[in-house]
Amino acid sequence: MSAKPRVGLFVTCLVDLFRPTVGFAAVSLLERAGCTVEVPMAQTCCGQPAYNSGDKADAKDLARRVIDLFESFDYVVAPSGSCAGMIREHYPRLFEDDPATHHRAERMGKRTYELVSFLVDVMGMGAVDADYAGTITYHDSCSGLRELGVKEQPRKLLKSVKGAKLVELPGAEVCCGFGGTFCIKYPDISVKMTSDKTADIAATGADTLLAGDMGCLMNMAGRLSREGKPVRVRHVAEVLAGMTDAVAPIAASDAGKG
Amino acid sequence: MEISTQRFKKNTTEAIASPTLRQALKQAGTDLPAHRRNAVGKLPEFEALRDEGKAIKDHTLAHLDFYLETFERNVIASGGQVHWARNAAEAREAVLSICKRLGARTATKGKSIVTEEIGLNDFLEANGVVPVETDMGEYIVQLRHEPPSHLIAPAFHLVRDQWVEAFRKAHTDLPPDRYLDDRRVLADEGRAVLRDKFLAADVGITGANFLIAETGSTAIVTNEGNGDLTQTLPKAHIVVTTIEKVVPTLEDTMTLLRLLPRSATGQEISTYVTFSTGPRRAADRDGPGEFHVVLLDNGRSAMIGTEFQDMLRCIRCSACLNHCPVFLSVGGHAYGWVYSGPMGAVLTPSLIGVDTAGHLPNASTFCGKCESVCPVKIPLPKMMRHWREREWQRASASRYRLGLKLWAYLAKRPGLYRWGAELASRFLGNQAGSRGKFRTLPLAGGWTKGRDLPAPEGRSFMSLWAEQQRAKR
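Sequence order for the protein chains is V and W.
For the first sequence, the working numbering gives the first residue as 12, with consecutive numbering after it.
For the second sequence, the working numbering gives the first residue as 35, with consecutive numbering after it.
The set of hints was computed from the structure by calculation and includes no laboratory data.
In this text, all values refer to a predicted model and were calculated from it rather than measured experimentally.
A portion of the hints provided could be inaccurate.
To be verified - The calculated lysine to aspartate or glutamate pairs, modelled on EDC-like cross-linking and capped at a C-alpha distance of 16 Å, are:
id, chain 1, residue 1, chain 2, residue 2
1, W, K88, W, E285
2, W, K439, V, E238
3, W, K60, V, D211
4, W, K483, V, D199
5, W, K411, V, E117
6, W, K43, V, D199
7, W, K506, V, E100
8, W, K134, W, E106
9, W, K269, W, D216
10, W, K416, V, D199
11, V, K170, V, D140
12, W, K416, V, E158
13, W, K269, W, D318
14, V, K71, V, D132
15, W, K446, V, E238
16, V, K71, W, E423
17, V, K240, V, D211
18, V, K240, V, D218
19, W, K416, V, E100
20, W, K44, V, E238
21, V, K67, W, D318
22, W, K483, V, E238
23, V, K71, V, D108
24, W, K446, V, D79
25, V, K67, W, E423
26, V, K67, W, E341
27, W, K43, W, D389
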């Protein structure tokens, strides 16, 4: 390994399509932490929609592609606990009947991280150089929390953001109701769960909601917007990288710029 | 009970619209997790106990035939009888034949979810034996002519007003204007009514939390003492239970008992833990004249050796229900059969078929909370995914499936995918203009029914990155 770890950035399909600023924020944070960042151009999706729908064949095809593209890096980092969890925890399971690929999946999985936990746990980052004027509350996305142990790391870095105040969200560990294709297949249940979440968010009095996964963020922002609750919703990386001027909050007006 | 798992979506929509259900679920869904957290926090070795509990059940399942035969031998040795039942019909017949032989007219029942699985109450009633539920929650749902909605709290879906209403309607010999607006007063009235039923019953039917192979005993945990009165007063005690409840020894039972109430209600131990071994002996002052165990399979042995075997570790504590945001949004009845929540989402398709119960393993966000609180570490999300895999292999074309296949096709072709992502990003970003969101969008009705769809920024990351890299060179 060279002095600077080589990180392959797994952009995630939602960041690619909806929120490129998060990708640039991730690159910026990783570089500031002392990494060399590369973005393999042939990457698409981690395969989770197929995997969770029971389409194991397509999930395996997509997993193989990701392994081919990323296994040569020192680390694989994604601005999402869900996608990082898929690669780290579930790729090896997909290849239980294929020892060679299983071995590769396990080796790469061990070096795969969610962005903020990578910065803190692996790169030893303890503070960021960023400003944000607002009261922030943080939602713990399920996969990051329960599969990867992402809990204190984002809070640690957010506490170092100048001007920001952090208030805890009651029920921060309860699912927001997104669940990938779940939110489209069972919209009534999903919206009920999300409404419980937005009520908790509103009760904190925070003006800003952050989380580490675009799926959850789009879901909560979409519901807050529908309910007319004026909470600014952003990916945690945007705030940590000091890039909130680059783009309006998620689902807020004026998002067209960027 | 009637199966309505096929109507899961309709059931859930109706459930979500009910204000009383919402109120009931919110209360219980706040209290029970708090109680569990408190109990677990006070026991430093709880995590290690979970591993022990899992190991006990795994070992037993690996030698299930041996332990079941040992259990039977020891039941017989202590003067009882075991009735093997392959399916619900055989189990019902076994119970009825005992009732008939004893000329039973009423049967008291301690709470038993297995008797719900086999539809025992309706069957007994149709054959001239009146079943009387004696668990207070179960008694109330029986008065309301509905099934229980939860493994350990049958009236989980009710608020107190509904309880009062059921009592006023049923107990017509009491003054209609009596004071009932107090939990204690209600419980006292229920107890007084049930006391006469206990004394009059010919047969007492309970379930079992554990079957102890080395002693031939059955064990139940209760908080009301109704189980003891049900099984000690009548001529016969019939235990209706299933094969996976067997554990090797009393010591194993103690280990699992340290996990069960803590996971269920947050109690260190339930108010009563009752062990039953055989009928009354000559020197005993009380106890049933006969002791029967109806040992039901009903699809469970077919789960051994499959990807669903781990489900047979379940000790029915209900922690996965109490912590499930889907269950706490829709309640137990919406699941359409006896078992609900995450454990039901895995077990129900095994018992009644995935064709009928296919919605259940799909209606999960895979948030993972259930697995994290399971006292015997059942990988519930993983097994729900296994059901989805089986479904995927068999299901016919649907718009959802087609969309997913199209997406997978593109995701394997990066050039095409790149181009499509950039196009979609630009087009949607453009369409949204400065609003930043869509209130409706063609083909996105599932999303936009209850939420706005955030608009893309307007360019894909990959194309912006490529531009930036080119500019650097």
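Here's how the hints hold up against the structure:
Of the supplied pair hints, the one linking W:K88 and W:E285 holds, its CA atoms being roughly 14 Å apart against a limit of 16 Å. Using a Cα cut-off of 16 Å, the hinted pair W:K439 and V:E238 is violated, with the two alpha carbons roughly 34 Å apart. Note on W:K60 and V:D211: the hinted pairing holds, with a Cα-Cα distance of about 13 Å set against a maximum of 16 Å. Between the alpha carbons of W:K483 and V:D199 the distance comes to roughly 8 Å, so the proposed pair stays at or under 16 Å and holds.
Only pairs whose Cα atoms come within 16 Å are accepted, and W:K411 paired with V:E117 is rejected, the gap being roughly 22 Å. With a C-alpha separation of about 9 Å, the suggested pair W:K43 and V:D199 falls inside the 16 Å cut-off, and the hint holds. Only pairs whose Cα atoms come within 16 Å are accepted, and W:K506 paired with V:E100 is rejected, the gap being roughly 36 Å. Restraint check for W:K134 and W:E106: the C-alpha separation of about 23 Å exceeds 16 Å, so the hint is violated.
Annotation: proposed proximity of W:K269 to W:D216 is violated, straight-line Cα distance about 35 Å (limit 16 Å). Restraint check for W:K416 and V:D199: the C-alpha separation of about 24 Å exceeds 16 Å, so the hint is violated. A C-alpha spacing of about 11 Å is found between V:K170 and V:D140, which places the hinted pair at or below 16 Å, so the restraint holds. Note on W:K416 and V:E158: the hinted pairing holds, with a Cα-Cα distance of about 13 Å set against a maximum of 16 Å.
Annotation: proposed proximity of W:K269 to W:D318 holds, straight-line Cα distance about 14 Å (limit 16 Å). A hinted pair counts as satisfied when its Cα atoms are at most 16 Å apart, and V:K71 with V:D132 does not qualify at roughly 29 Å. About 38 Å separates the Cα atoms of W:K446 and V:E238, which puts this hinted pair outside 16 Å; it is violated. Simply put, V:K71 and W:E423 have alpha-carbon atoms about 13 Å apart, close enough for the 16 Å limit, and the pair holds.
Simply put, V:K240 and V:D211 have alpha-carbon atoms about 12 Å apart, close enough for the 16 Å limit, and the pair holds. Of the supplied pair hints, the one linking V:K240 and V:D218 holds, its CA atoms being roughly 10 Å apart against a limit of 16 Å. Restraint check for W:K416 and V:E100: the C-alpha separation of about 12 Å stays at or below 16 Å, so the hint holds. For the hint pairing W:K44 with V:E238, the CA-to-CA distance comes to about 24 Å; that exceeds 16 Å, so the pair is violated.
Between V:K67 and W:D318 the alpha-carbon distance is near 60 Å, which puts this suggested pair outside the 16 Å criterion. For the given pair, W:K483 sits about 12 Å from V:E238 by alpha-carbon distance, which is consistent with the 16 Å threshold. For a cut-off of 16 Å, the pair hint linking V:K71 to V:D108 stands: about 11 Å separates their Cα positions. A C-alpha spacing of about 13 Å is found between W:K446 and V:D79, which places the hinted pair at or below 16 Å, so the restraint holds.
Distance check on the hinted pair: V:K67 and W:E423 sit about 7 Å apart at the alpha-carbon level, within 16 Å; holds. Of the supplied pair hints, the one linking V:K67 and W:E341 holds, its CA atoms being roughly 15 Å apart against a limit of 16 Å. Proposed proximity of W:K43 and W:D389 is supported: the alpha carbons are some 15 Å apart, at most 16 Å.
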